[in-house]
Structures are given as structure tokens and as C-alpha cells.
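One line per chain: the protein sequences are A and B, in this order.
Quick note on our numbering: the first sequence kicks off at 567 and runs consecutively.
Quick note on our numbering: the second sequence kicks off at 272 and runs consecutively.
Be a bit skeptical, because a hint or two may be false.
Said to hold, decoys possible - No farther apart than 35 Å at their CA atoms in a straight line, the calculated lysine-lysine pairs in the DSBU-like style are these:
hint	chain 1	residue 1	chain 2	residue 2
1	A	Lys608	B	Lys276
2	A	Lys608	B	Lys325
3	B	Lys325	B	Lys339
4	B	Lys376	A	Lys623
5	A	Lys644	B	Lys327
6	B	Lys376	A	Lys644
7	B	Lys342	A	Lys608
8	B	Lys309	A	Lys649
9	A	Lys608	B	Lys376
10	A	Lys649	B	Lys276
11	A	Lys608	B	Lys327
12	A	Lys623	B	Lys276
No lab work stands behind these hints: they were computed from the structure.
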Amino acid sequence: EPEVTQTPSHQVTQMGQEVILRCVPISNHLYFYWYRQILGQKVEFLVSFYNNEISEKSEIFDDQFSVERPDGSNFTLKIRSTKLEDSAMYFCASTIGNTQYFGPGTRLTVL
Amino acid sequence: DQQVKQNSPSLSVQEGRISILNCDYTNSMFDYFLWYKKYPAEGPTFLISISSIKDKNEDGRFTVFLNKSAKHLSLHIVPSQPGDSAVYFCAASEGGGADGLTFGKGTHLIIQP
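Turn these sequences into a full structure, and let the hints steer you where they fit.
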């Protein structure tokens, strides 16, 4: 069964550094998403991406975040200058319709 | 602003019995609802969904009921099994496609032998 994959599973970085989180969505899916879950809190929507551009973004998705689909398979989330409060699980998801399928997540730890 | 609420942080059910997880929403624009199951250190796994044009959807042991007038949905698991122990998230969207999901805080279901 096709799955969304994410790398790395765990990323540790120093505050102020740039990080890139990578995702490979399910191959025939058209919509791609990033979510985050801060420890102990609910899963929060960050951004959706369709047809090589951002479709919708939340208030969390400020100028320090960017997304890109550099080739036909990868979908990336870049955080330009990480802050302590960016420490969270980041989930990628994809869909061809209404049901979003999630990857296993990347745990980002900012020190 | 909690648009999707799961008011029970945890629920304990005996193996073989019915588990009922509840979810309330406030945004009347939501028209598609999903339940996800999540284990620690894993991503949410899709379980079952329902469109606002229906009031019930069934898939094996899982049934989701939607009461639009009350803005309430519930997930029934019958019979409950030990492997069902996990955190269950209710999520909603305004139209699918590009719309992001709004999640509840989750309910930790514990199935006791």
C-alpha cells in the first residue's frame, strides 16, 4: 500500500539555523500539506500546496517558513531561522480528494 | 478558538465492549469529517470519514455518526480490541482538496483486557 514518507525521522538543530524537512507524498496525489504538533498539543495545519503553489496557509506559516516541490516526488518544508518554539513533530500529508494521508513525522528539536 | 472539540482526554473500555468517542464542532462550514488513530511517535492513521450529506458511515468495526443539527459526531468501535488502544483524533474540513484539516485535541482510548 502506498505511503507518505518523511526524512529525517529526527532533526536536532541550534537556534537560528535553517532546517529542511523532506517528504515524499503518495505518487498520484495532487494536494500536499504540512502540519505540526507541539508536544502535548493538537495537530495544527501549516500550509497546503497544489499545482506548484501555496493554496492555503495558517497564521503559523509566517515568513520564516517556505515550501517547495523541487522535483516530481519530493515536497519540502524549510524553516529559515529556527526558534526554540519551533520544536515539534512535523507531519506531511497528501491527498487526491478529501481524505488526507499522513507520513510518520519528523521530530524537530531546536536547542 | 477550538472549532473542533474532544472533551474527553481519555476513555477506558473493557475488551469486547463498545467504545464511543465523541467530537463537537462549532464551524457550520465544515462539511467533511474524519477520524484518525495515532500511536506515539507515529503519524495519524486514517480510520473513517463522513460527508455532511450523510448521517452514518460504517467500515467493519468502525461506525461514524454525524448529527449536523447538534454539530456532533461520534465514532463507535465494536467490539473493542487491545490493538485499538491509541489516541483518536477527530478532524474536519470545509471542502477537502486544498483545505487544511482542523483537529481536536484527541482522546486517549485504553482497552482493558
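Discussion item. What's the verdict on Lys649 (chain A) and Lys276 (chain B), does the C-alpha distance respect the 35 Å limit or exceed it?
Written reply: holds, 29 Å
Practice prompt. Assess, step by step, whether the Cα of Lys644 (chain A) is no farther than 35 Å from the Cα of Lys327 (chain B), and give holds or violated.
Written response: Violated: Lys644 (chain A) and Lys327 (chain B) sit about 40 Å apart, past 35 Å.
Fill in: Pair hint Lys309 (chain B) and Lys649 (chain A), alpha-carbon separation not exceeding 35 Å
Given that 35 Å is the threshold and the Cα spacing comes to 27 Å, the pair holds.
Practice prompt. Take the C-alpha atoms of Lys608 (chain A) and Lys276 (chain B), compute the straight-line distance between them, and say whether it is at most 35 Å.
Written response: Given pair Lys608 (chain A), Lys276 (chain B) holds - Cα atoms ~11 Å apart, limit 35 Å.
Worksheet entry | 35 Å limit on alpha-carbon distance, applied to hinted pair Lys608 (chain A) and Lys325 (chain B) | Holds, at roughly 27 Å.
Worksheet item: Given the hinted pair Lys325 (chain B) and Lys339 (chain B), is their alpha-carbon gap at most 35 Å?
Response: holds, 9 Å
Fill in: Pair hint Lys376 (chain B) and Lys623 (chain A), alpha-carbon separation not exceeding 35 Å
holds, 20 Å
Discussion item. Given the hinted pair Lys623 (chain A) and Lys276 (chain B), is their Cα-Cα distance within 35 Å?
Written reply: With Cα atoms ~22 Å apart, Lys623 (chain A) and Lys276 (chain B) stay inside 35 Å; holds.
Fill in: Straight-line alpha-carbon gap Lys376 (chain B) to Lys644 (chain A), limit 35 Å
Within the cut-off at roughly 26 Å; holds.
Fill in: Straight-line alpha-carbon gap Lys608 (chain A) to Lys327 (chain B), limit 35 Å
Distance ~26 Å between Lys608 (chain A) and Lys327 (chain B) Cα, so the pair holds.
Worksheet item: Would the pair Lys342 (chain B) and Lys608 (chain A) pass a check requiring their Cα atoms to be no farther apart than 35 Å?
Response: Status holds; Cα separation ~20 Å.
Worksheet item: Between Lys608 (chain A) and Lys376 (chain B), is the straight-line Cα distance small enough, at 35 Å or below?
Response: holds, 5 Å
In this structure, only the earlier hint numbered 5 is contradicted, and the remaining ones agree with it.
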